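**Q** In the order they appear, the protein sequences are chains A and B.
All residue numbers for the first sequence refer to our numbering, where the first residue is 1 and numbers rise by one.
All residue numbers for the second sequence refer to our numbering, where the first residue is 1 and numbers rise by one.
Keep in mind the hints are simulated off the structure, nothing from the lab.
Computed from a prediction, not measured in an experiment: that's the story for all the values here.
Check each hint, because a few of them may be wrong.
Which copy? The list can't say, so a pair holds if one copy fits it or any two copies do.
[As the list claims (entries may be wrong)] The calculated lysine to aspartate or glutamate pairs, modelled on EDC-like cross-linking and capped at a C-alpha distance of 20 Å, are:
#1 K361 - D313
#2 K286 - D12
#3 K288 - E340
#4 K160 - D82
#5 K286 - D323
#6 K286 - E195
#7 K286 - D57
#8 K280 - D56
#9 K169 - E350
#10 K288 - E89
#11 K280 - E195
#12 K286 - D207
#13 K360 - D96
#14 K280 - E47
#15 K361 - D212
#16 K73 - E296
#17 K288 - D12
#18 K361 - D12
#19 K257 - D60
#20 K288 - D313
#21 K360 - D270
#22 K257 - D56
#23 K360 - D57
#24 K257 - D46
#25 K361 - D7
Protein chains: 2
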Amino acid sequence: MRTALCDAFGIDHPIFAFTPSEHVAAAVSRAGGLGVLGCVRFNDTDELDRVLTWMDDNTDGRPYGVDVVMPMKIPTEGTSADLSSYIPEEHRRFVDETLLELGVPPLPEGEGREGVLGWLHSVARSHVDVALQHRPVLIANALGSPPVDVIEQCHEAGLKVAALAGAPKHALSHVANGVDIIIAQGYEAGGHTGEIASMVLTPDIVDAVGPDVPVLGAGGIGSGRQIAASLALGAQGVWTGSIWLGTEEYRNLAGNKGWETAFLRATSSDTVRTRIYTGKPARLLKTKWTEAWSEEGAPAPLPMPLQNLLVADAHNRINASGDPDVISMPVGQIVGRMNEVRPVAEVIGELVAEFEATVKKLDGIAGI
Amino acid sequence: MRTALCDAFGIDHPIFAFTPSEHVAAAVSRAGGLGVLGCVRFNDTDELDRVLTWMDDNTDGRPYGVDVVMPMKIPTEGTSADLSSYIPEEHRRFVDETLLELGVPPLPEGEGREGVLGWLHSVARSHVDVALQHRPVLIANALGSPPVDVIEQCHEAGLKVAALAGAPKHALSHVANGVDIIIAQGYEAGGHTGEIASMVLTPDIVDAVGPDVPVLGAGGIGSGRQIAASLALGAQGVWTGSIWLGTEEYRNLAGNKGWETAFLRATSSDTVRTRIYTGKPARLLKTKWTEAWSEEGAPAPLPMPLQNLLVADAHNRINASGDPDVISMPVGQIVGRMNEVRPVAEVIGELVAEFEATVKKLDGIAGI
Chain A
1 MRTALCDAFG IDHPIFAFTP SEHVAAAVSR AGGLGVLGCV RFNDTDELDR VLTWMDDNTD
61 GRPYGVDVVM PMKIPTEGTS ADLSSYIPEE HRRFVDETLL ELGVPPLPEG EGREGVLGWL
121 HSVARSHVDV ALQHRPVLIA NALGSPPVDV IEQCHEAGLK VAALAGAPKH ALSHVANGVD
181 IIIAQGYEAG GHTGEIASMV LTPDIVDAVG PDVPVLGAGG IGSGRQIAAS LALGAQGVWT
241 GSIWLGTEEY RNLAGNKGWE TAFLRATSSD TVRTRIYTGK PARLLKTKWT EAWSEEGAPA
301 PLPMPLQNLL VADAHNRINA SGDPDVISMP VGQIVGRMNE VRPVAEVIGE LVAEFEATVK
361 KLDGIAGI
Chain B
1 MRTALCDAFG IDHPIFAFTP SEHVAAAVSR AGGLGVLGCV RFNDTDELDR VLTWMDDNTD
61 GRPYGVDVVM PMKIPTEGTS ADLSSYIPEE HRRFVDETLL ELGVPPLPEG EGREGVLGWL
121 HSVARSHVDV ALQHRPVLIA NALGSPPVDV IEQCHEAGLK VAALAGAPKH ALSHVANGVD
181 IIIAQGYEAG GHTGEIASMV LTPDIVDAVG PDVPVLGAGG IGSGRQIAAS LALGAQGVWT
241 GSIWLGTEEY RNLAGNKGWE TAFLRATSSD TVRTRIYTGK PARLLKTKWT EAWSEEGAPA
301 PLPMPLQNLL VADAHNRINA SGDPDVISMP VGQIVGRMNE VRPVAEVIGE LVAEFEATVK
361 KLDGIAGI
């Protein structure tokens with residue numbers, strides 16, 4: 001499975017794997033894909049620095065990428081405490097009462113209550129600065145174009161810049177800003193996502209940006225058949241995320257209690273697209289927590305970055321409790337396909353083999 | 001482009017075309033696909049009888065199908081007048097006021113005001129009875145499994161029965177009821193649709209029903225690349241709808257005023273999934289009419305079949321006015337790709353050619 005992106009990055013398969021786990025990212029890169037480490041969870045840049053040093057040392061010299069969350073325009077900024085003053089009392093009360101109803105205990109005394117600061121612009125910028133002291137080949141931004149000076153900073157350091165787009169007009173805007181690679185993020189994807197499904201979005205973006213801009217298909221990719229479909233639609237590679245939650249390497253990530261149980265039993269109907277995670281629409285596993293926010297009387301989610309600050313403590317409590325009925329976790333519709341936990345290398349091997357078998361089957365249909 | 005379905009039906013390409021226009025359906029069948037005539041618009045069974053006679057005479061002996069709208073369980077039934085008494089005054093007032101605000105004039109004196117009765121169970125049954133006096137090879141049901149006695153009636157007459165499914169569990173239930181072919185209707189499709197996108201739904205249903213039950217991919221299919229993607233996902237053919245609205249043959253259907261203008265300018269972002277058309281979630285073109293129903297203070301849509309009775313008169317008025325900003329019309333997200341009006345045979349030819357080119361491109365990527 002070779003496209004021009006394989007040569008551009010020196011990888012064997014055009015399979016890009018977004019993951020918050022350095023263990024998964026490194027294993028993907030070692031297996032011939034491109035592991036992309038999500039940085040949003042690193043409040044402490046020193047920790048990110050240590051983790052990227054580990055990546056440098058554990059990828060057998062293969063390339064890897066990093067993913068930041070950075071709006072192009074500088075949004076509401078300030079410390080966690082400053083911003084918290086904007087959160088209405090009604091919202092705090094709803095969160096407290098919901099956690100009580102769902103039986104989620106308070107955190108043990110002394111455990112951290114800080115929100116995820118990676119959503120803040122200044123923190124995301126520091127992630128880029130730290131990353132550039134290591135050897136990533138790609139910086140991807142989950143919120144579209146990064147600021148133009150960040151794109152230039154990356155280009156000067158020899159990195160490619162990728163950005164997620166949920167509509168052709170956003171893709172065109174990213175290209176105009178200097179972004180090199182568009183990630184066409186379909187409706188079925190986990191995390192932040194728009195309303196256009198991959199089957200329509202991928203070819204629309206491919207046609208909009210033209211042949212000189214590589215497009216990665218994202219959303220709904222968890223098998224070799226789905227990779228073949230995405231490449232048929234014109235993508236030069238695929239951007240995957242959810243599938244890596246079902247790997248042995250992911251178990252190394254702290255706070256994984258309950259997730260596996262929830263993923264393994266979920267069907268493709270068990271996700272919901274909602275603003276409750278960050279303030280922008282994102283697809284999450286459907287649990288009692290997400291359902292509570294859609295009941296009558298629930299408050300409307302707050303804008304980014306306030307919503308994440310509002311629910312950060314709740315997420316910590318939910319993760320600590322490990323109740324699979326309540327967890328709050330981004331995942332795509334392919335969660336229905338995640339039915340066993342396997343090593344990353346085995347998953348990659350199966351994706352590639354099924355892709356090849358699918359192309360042979362299509363040859364038969366086409367009479368080639 | 002040959003799959004087992006081509007042999008089963010005696011068609012050249014596994015392209016199934018749902019359309020309310022007998023001119024489109026016949027042209028698709030003549031071009032080697034399978035035209036499927038939507039019957040829901042026929043309140044008068046004699047008219048359906050005449051149209052199917054026309055189909056018999058204008059398909060060069062090629063096979064065709066019919067599509068009915070029939071819930072498996074018998075729903076609220078009765079005459080249009082009986083049922084109307086269940087419609088709340090608030091809803092009638094909202095419709096009247098909205099039409100006034102949108103500048104949609106009343107119907108000219110004497111023009112028909114009857115709703116679309118095809119949503120009623122008894123009417124759908126009469127459609128089946130009429131169809132069986134002609135020579136369709138397939139009966140498809142937009143609402144899932146038809147009643148078991150209808151399936152038996154069709155099988156005795158030598159017809160195959162197809163049913164739409166928006167989730168694997170529905171597909172399994174259809175198969176248990178005796179349905180022969182599953183139409184995997186993805187989120188991006190026009191008309192009635194569920195929440196799972198085609199990229200995930202098609203392989204999920206293919207895997208659920210197993211290799212003996214043919215699956216048609218539906219939703220997001222408007223190009224040869226999309227056909228290749230759907231067949232890569234395991235479908236044995238595709239079920240298309242929206243794309244035929246942009247054909248010369250479709251212009252023969254009465255009441256087409258304004259639609260073409262609206263379709264040709266729409267992007268893939270210009271649709272909405274809503275219950276306002278029939279009471280069940282269906283994807284429509286986003287217009288001032290659909291937007292009015294999502295504004296604050298708008299009433300919640302009524303259940304099927306009341307919602308359609310409520311808006312039937314409004315649809316007649318909107319169609320008669322022909323204002324492209326206001327039309328109420330089911331269409332899928334591929335509407336963004338419908339940028340010119342062409343003859344059906346040309347569209348089929350392009351679908352097949354692009355499918356073949358796409359498979360050759362995948363061969364290059366796979367190194368075959």
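**Q** With reference to the structure, classify each hint as holding or not holding.
**A** Evaluation of the provided hints:
no.	hint	in the structure
1	K361 - D313	neither (50 Å within a copy, 49 Å between copies)
2	K286 - D12	neither (35 Å within a copy, 43 Å between copies)
3	K288 - E340	neither (23 Å within a copy, 47 Å between copies)
4	K160 - D82	neither (35 Å within a copy, 66 Å between copies)
5	K286 - D323	within (13 Å within a copy, 40 Å between copies)
6	K286 - E195	both (18 Å within a copy, 13 Å between copies)
7	K286 - D57	neither (37 Å within a copy, 52 Å between copies)
8	K280 - D56	neither (33 Å within a copy, 53 Å between copies)
9	K169 - E350	neither (35 Å within a copy, 26 Å between copies)
10	K288 - E89	neither (22 Å within a copy, 36 Å between copies)
11	K280 - E195	both (12 Å within a copy, 19 Å between copies)
12	K286 - D207	neither (34 Å within a copy, 23 Å between copies)
13	K360 - D96	neither (55 Å within a copy, 57 Å between copies)
14	K280 - E47	neither (27 Å within a copy, 50 Å between copies)
15	K361 - D212	between (29 Å within a copy, 17 Å between copies)
16	K73 - E296	neither (34 Å within a copy, 30 Å between copies)
17	K288 - D12	neither (41 Å within a copy, 49 Å between copies)
18	K361 - D12	between (22 Å within a copy, 18 Å between copies)
19	K257 - D60	neither (30 Å within a copy, 64 Å between copies)
20	K288 - D313	within (17 Å within a copy, 41 Å between copies)
21	K360 - D270	neither (33 Å within a copy, 36 Å between copies)
22	K257 - D56	neither (28 Å within a copy, 63 Å between copies)
23	K360 - D57	neither (38 Å within a copy, 40 Å between copies)
24	K257 - D46	neither (25 Å within a copy, 64 Å between copies)
25	K361 - D7	between (27 Å within a copy, 17 Å between copies)
In this structure, the hints that do not hold are numbers 1, 2, 3, 4, 7, 8, 9, 10, 12, 13, 14, 16, 17, 19, 21, 22, 23, 24, in rising order.
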